[in-house]
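Enquirer: Working from the sequences, and respecting the hints, build out all of it.
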Amino acid sequence: MSIRHGLLALLEDGPRYGYQLRAEFESRTGGTWPLNVGQVYTTLARLERDELVQPAGADDEGHVFYALTAGGHTEVRTWFTTPVQRESRPRDELAIKLALAIATPGVDVRAVVQRQRTDTLRALRDYTRLKARADEPDLAWLLVLDSLIFQAEAEVRWLDHCEARLTRRTPAPSPSRARTGGARRTTEEASR
Amino acid sequence: MKPATNPTSGPVLQLRDVSRVHGSGEATVHALRGVSLAVAAGELVAVMGPSGSGKSTLLTLAGGLDTPTSGQVVVEGVELGTLTRAAVAALRRRSVGYVFQDLNLIPALTAAENVSLPRELDGVRTRVARREALDALAEVGIADLADRFPDDMSGGQQQRVAIARALVGPRRLVLADEPTGALDSETGESVLRLLRRRCDEGGASGVLVTHEARHAAWADRVVFLRDGVLVDDTGYAPSADSLLGHGVGQ
Numbered sequence: 001m002s003i004r005h006g007l008l009a010l011l012e013d014g015p016r017y018g019y020q021l022r023a024e025f026e027s028r029t030g031g032t033w034p035l036n037v038g039q040v041y042t043t044l045a046r047l048e049r050d051e052l053v054q055p056a057g058a059d060d061e062g063h064v065f066y067a068l069t070a071g072g073h074t075e076v077r078t079w080f081t082t083p084v085q086r087e088s089r090p091r092d093e094l095a096i097k098l099a100l101a102i103a104t105p106g107v108d109v110r111a112v113v114q115r116q117r118t119d120t121l122r123a124l125r126d127y128t129r130l131k132a133r134a135d136e137p138d139l140a141w142l143l144v145l146d147s148l149i150f151q152a153e154a155e156v157r158w159l160d161h162c163e164a165r166l167t168r169r170t171p172a173p174s175p176s177r178a179r180t181g182g183a184r185r186t187t188e189e190a191s192r
Numbered sequence: 001m002k003p004a005t006n007p008t009s010g011p012v013l014q015l016r017d018v019s020r021v022h023g024s025g026e027a028t029v030h031a032l033r034g035v036s037l038a039v040a041a042g043e044l045v046a047v048m049g050p051s052g053s054g055k056s057t058l059l060t061l062a063g064g065l066d067t068p069t070s071g072q073v074v075v076e077g078v079e080l081g082t083l084t085r086a087a088v089a090a091l092r093r094r095s096v097g098y099v100f101q102d103l104n105l106i107p108a109l110t111a112a113e114n115v116s117l118p119r120e121l122d123g124v125r126t127r128v129a130r131r132e133a134l135d136a137l138a139e140v141g142i143a144d145l146a147d148r149f150p151d152d153m154s155g156g157q158q159q160r161v162a163i164a165r166a167l168v169g170p171r172r173l174v175l176a177d178e179p180t181g182a183l184d185s186e187t188g189e190s191v192l193r194l195l196r197r198r199c200d201e202g203g204a205s206g207v208l209v210t211h212e213a214r215h216a217a218w219a220d221r222v223v224f225l226r227d228g229v230l231v232d233d234t235g236y237a238p239s240a241d242s243l244l245g246h247g248v249g250q
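Protein chains in written order, with the numbering used here: chain A, 1 to 192; chain B, 1 to 250.
In short, the hints are calculated from the structure, not lab data.
Warning: the hint list may mix true and false statements.
Residues from chain B that keep clear of chain A, each with C-beta distances beyond 12 Å, as calculated [as the list claims (entries may be wrong)]:
(1) Met48
(2) Thr67
(3) Val74
(4) Leu80
(5) Ala87
(6) Leu105
(7) Arg125
(8) Arg127
(9) Leu192
(10) Val222
(11) Val223
Covered stretches of chain A (in silico footprint by chain B; criterion: 3 or more residues with CB under 8 Å from a CB of chain B, positions within the stretch not fixed) [unchecked claim]:
(12) 123-131
(13) 155-162
Quick reminder that beta carbons are idealized off the backbone N, C-alpha and C, glycines included.
Expert: Okay, here's the thing in structure tokens:
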């Protein structure tokens with residue numbers, strides 16, 4: 001997502017000035033995406049250049065309000081009705097890191113996986129803690145938290161999967177076999 | 001802040017350098033090796049790890065259902081190794097509650113009877129045991145279902161009965177093995193909320209074995225077992241306020 005579309009969506013609710021947009025953006029996304037006010041004004045200037053917003057007067061303190069143009073309204077509607085493209089999301093540093101770790105001599109990939117999993121679980125626990133004390137009516141905040149929780153959970157599951165794959169390829173340097181179930185099976189498969 | 005470590009009362013559960021070996025010679029299996037873990041009052045600890053990593057062994061040792069090959073298991077300050085079999089059984093009934101994946105509710109007994117049974121076995125009078133059972137059912141939010149039979153309840157309601165049974169009377173230690181097993185994700189989450197609340201407000205302590213990261217995340221800390229060894233630990237949770245202060249997405 002771009003800051004651009006976030007600001008346009010907020011302006012759909014009526015004219016705002018820069019500081020207001022920044023505060024609302026942060027509160028509606030639960031502080032998951034902090035903006036600095038410079039980013040907000042740069043983005044507004046570009047939106048004005050592209051004729052998606054226009055100045056709409058100022059208050060006594062000199063705050064300049066911005067409002068959507070007809071083109072701006074259309075842009076917001078299009079944004080909400082179009083799925084987010086996967087390739088427009090930032091590259092996954094973790095996937096790249098693990099891929100490189102496998103090919104880099106002297107790197108214990110399993111340790112990389114374990115460290116990451118502990119860290120991700122710590123984040124998952126912290127999100128869950130926030131969710132446990134979130135107020136039911138604050139739906140926007142709950143949705144953002146749930147999204148973070150599901151993403152973290154997916155990452156842990158993927159890391160589990162990576163570990164199982166690594167164990168199949170290269171048996172753990174452990175002196176004794178695991179007791180039951182999957183771990184033993186993977187050790188046997190690996191020794192075949 | 002919760003009492004992560006309470007110096008006055010000490011941990012409710014303590015494993016000291018616990019190992020468990022099954023079999024001998026060629027067939028020797030080290031189910032647990034040198035595991036040390038302390039669970040303080042009010043603390044919920046989740047244990048994660050692949051199948052066969054020793055999670056369930058840890059739980060059966062913690063609950064006195066099995067004996068370590070070496071090391072010590074201490075429940076509420078009492079080292080189980082120093083007790084007779086009968087004394088371990090009594091301590092287990094008095095102090096430890098279990099929640100299993102298959103709930104083991106007795107179909108011929110009502111919810112209240114299922115919950116009061118362990119107390120009656122302990123010699124508590126029927127009337128007192130019933131009152132304790134009703135209190136425990138009220139705590140898990142199903143006081144109105146006290147006289148229903150398990151077959152007439154949903155999976156989530158049955159799981160609440162199982163938790164009430166684990167927590168009835170003075171018990172302070174709950175050991176849960178995949179307690180959300182057969183439940184859908186929403187109901188599973190409500191079970192975790194319940195355990196969480198029991199630890200926060202009821203002063204209970206819990207050990208939760210689970211393979212679901214999303215469920216483990218309800219614990220104060222998560223420890224990882226691999227091949228019988230405790231390999232990692234998330235440490236304690238910071239307070240929710242300090243989390244908000246940092247911007248959670250960072």
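Enquirer: Look at each hint and say if it fits the structure.
Expert: Do the hints match the structure? See the list:
no., hint, verdict
1, Met48, "violated (8 Å)"
2, Thr67, "holds (17 Å)"
3, Val74, "holds (24 Å)"
4, Leu80, "holds (22 Å)"
5, Ala87, "holds (29 Å)"
6, Leu105, "holds (26 Å)"
7, Arg125, "holds (38 Å)"
8, Arg127, "holds (37 Å)"
9, Leu192, "violated (9 Å)"
10, Val222, "violated (5 Å)"
11, Val223, "violated (10 Å)"
12, 123-131, "holds (count 7)"
13, 155-162, "holds (count 3)"
Of the numbered hints given earlier, the model fails hints 1, 9, 10, 11; all others are met.
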